[in-house]
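If you read the protein sequences in the order shown, they are chains A and B. Numbering follows this note's numbering, in which position 316 of the first sequence is assigned residue number 316; successive positions increment by one, without gaps. For any residue, its number in this note's numbering is found by taking its place in the second sequence, counting from 1, and adding 1000.
Since the hints were derived computationally from the structure, they do not count as laboratory data. Any given hint could be a false lead.
Said to hold, decoys possible - Straight-line Cα separation of at most 20 Å, EDC-like style, residue types lysine to aspartate or glutamate; simulated pairs:
1. 171(A) to 1079(B)
2. 181(A) to 1336(B)
3. 306(A) to 290(A)
4. 1306(B) to 1336(B)
Protein chains: 2
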Amino acid sequence: MQILISAVGDTDPIRNFHDGPLLHIARVYRPEKIVLIHSERSLDKHEKVVKALQSIKDYAPEIVQDDLILKNDEVSIFDTMYATLSNIVGNYMSDENDVILSLTSATPQIISAMFAINRISDFNVRAVQVATPQKSSNEGIGYDNEKDIDVLIETNLDNQSDFEDRTHEDKGINFSQDLTKRNLNILLANYDYEAVFKLLDSQKGFPNIKKLKKTLENISETIKIQGIPEKIANSKLSSQAQNALNSYLNIERNYKQGNIAEVLIRLKSLVEYILENYLNEQFNIIVYTDNKPHLNAEKYPDILAKFQENAKNKGQEYHDNILNLLYYINILEFLEPKHDLLNYTGKIKEINNVRNQVAHSLQAFDRKNLKNVSSAVYASKQILLASFNIDNHWFSFYDDLNQEIKKLL
Amino acid sequence: MQILISAVGDTDPIRNFHDGPLLHIARVYRPEKIVLIHSERSLDKHEKVVKALQSIKDYAPEIVQDDLILKNDEVSIFDTMYATLSNIVGNYMSDENDVILSLTSATPQIISAMFAINRISDFNVRAVQVATPQKSSNEGIGYDNEKDIDVLIETNLDNQSDFEDRTHEDKGINFSQDLTKRNLNILLANYDYEAVFKLLDSQKGFPNIKKLKKTLENISETIKIQGIPEKIANSKLSSQAQNALNSYLNIERNYKQGNIAEVLIRLKSLVEYILENYLNEQFNIIVYTDNKPHLNAEKYPDILAKFQENAKNKGQEYHDNILNLLYYINILEFLEPKHDLLNYTGKIKEINNVRNQVAHSLQAFDRKNLKNVSSAVYASKQILLASFNIDNHWFSFYDDLNQEIKKLL
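Chain A extracted, bound-state conformation (with noise of 0.2 Å):
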């Protein structure tokens, strides 16, 4: 329902063989409602008011007087007819309502107060102006708030078909909503969706707000639990791929946001993944036993007399372990010395100690070792094109999401 909420001023109902700005806005809007916010001094004309609103053609508006009076004394303090005001527009928000409010009507103290709750409430109200007959000042044109309102009515020039529309609606930003959209901007370029949602999750009337709520919400809700977004799911990659460049998107998000502890312990699982993956498309070199990797030994007694040499060089012997990163690297280095995958798998195994200390000991991760996490991340990536057939502009996802979003915001 649209709503108009107005005070009432001098100059309403009429004036100068013309609307007051009042009657002016009710007969360009039209709006379902009227809600009069009195003065004691406005009191008094409370009947002529609503005549006047009766008096425009084919027009019956519901007219609603509020509880609260200004007092006489107050109305020239701006602090509280804002806190006033705020409180009476704020009885009449709600979903099904569109507020107007009138920005010309009383005093300046009030007129000011209206237009703050339109720019920098949270309320998503309109605002709406409305010019003198004269196109400027007032001042020297009495007013006639004594004179008869049945004549004021017959001889008002605005009464007709073909008025001029004065009006003018402040559509002006915002800054509540402005600071909140910069506020949010912060935290996308931060790539914290949760954030985001929680934020906007607190917000009424926000433009876009259902469409960026469920965007945000989804994808929020997907990176909790690993989950594959949409677009990578519907993609024509290989499940193995989607897993792989899921996996390596949330490690370079959590790379970008500092979460270095995070970024360690997937790194390996990461390119541990994507080497038991390859070897084991190309060569069939494992068995599954309770659903954890061992060699295929029987098909390649060569790597298995290569792992248990290894473990007598080392002191140790090799029993049909189960194969983790280093035992895939052996394993390509055995069967394909020159494979470009083996140009990164070192700065894997460079990290793997200091990963190890952060995953299994839980100790603090040590900023001196960052550049070689930095230099490991971006092996990472190099090891997932050497791999799989992914397609270049699936690594700026976020980064294209974030552009929606913003689109939105």
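With the hints as your guide, set chain B onto chain A.
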């Protein structure tokens, strides 16, 4: 230096035998400097305004006119006034200056803009209103712009020592800071310290900003590298207890944030760490080769035999494998079959497969297993409590930190 910045309106400097707002604020606050902002329309009376200001007894302010003249067709456009006046006010802002804005002079748009600067800009200013002498609308009271200024000064009833102070300072909240505070509280409740820090980092003149930023940057950077927060690091807890507690608190925080994949991956490491530490301290059961834990088979041949038997039952062989969570649970079952810990280790075992799918197969976590994760988080806390002497107050570490931060907000 106290500086009054005021536009000049039709009521200035004197109207109806009383101070206009500009003159009145000067009379009450006696600022050392007064900056007059003229519009084209008020420019003519500059000398009258200066003369009136100089009529205040025992007061000789520096009176300057800002270079910028407001255009007549712009004084009723809010956005222009806000931008222009913000700019002017910004020029006078400095640590040494205490800036007062007049909230009563000139057009409603200028008043609103001044109010907005006080309430939503980053500037730390004060804003003062002046009530009319009759404490109500000025309607029907003529302007005195054409009268002789000396006569006006002579007959100004406020120009005496016992004048009535009609000023009223706007002490309302700054909306920008208030909105930011609300946003920060939402993010803080989600333990998103990085987001809180990023938003604060974009703020100027926020109360306690230095201390807040330091606290938030500290905790955020600590979390990123799995560091031990200072308070925990300085406690009397053993270094192992500190590592385990810190890891648990990170898991719990991530659990509250909904980061289930992360929780799953870390839970196993935590419990593995606790059991390894407990069994080694109590029974000296581990030998380390290449930093990896192996069974001290010389000391515990019966456990070795048990492991070999278990493997054989599954058609496998046991050969000095690297110990992990499941081995530790087996050892504990063997050595202390009635130990409290065993009431909870089952919950960790239950999520092990789901965990490996996320950690190693890079698959999405299936939310149908959420209840098991929740039970496992609870179990991990009990395992921690049963293994280390950690006082209960440590478990509210992040909530206590949030309370501390909230006090500064």
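Checked hints:
no. : hint               : result
1   : 171(A) to 1079(B)  : holds (10 Å)
2   : 181(A) to 1336(B)  : violated (59 Å)
3   : 306(A) to 290(A)   : violated (24 Å)
4   : 1306(B) to 1336(B) : holds (15 Å)
In this structure, the hints that do not hold are numbers 2, 3, in rising order.
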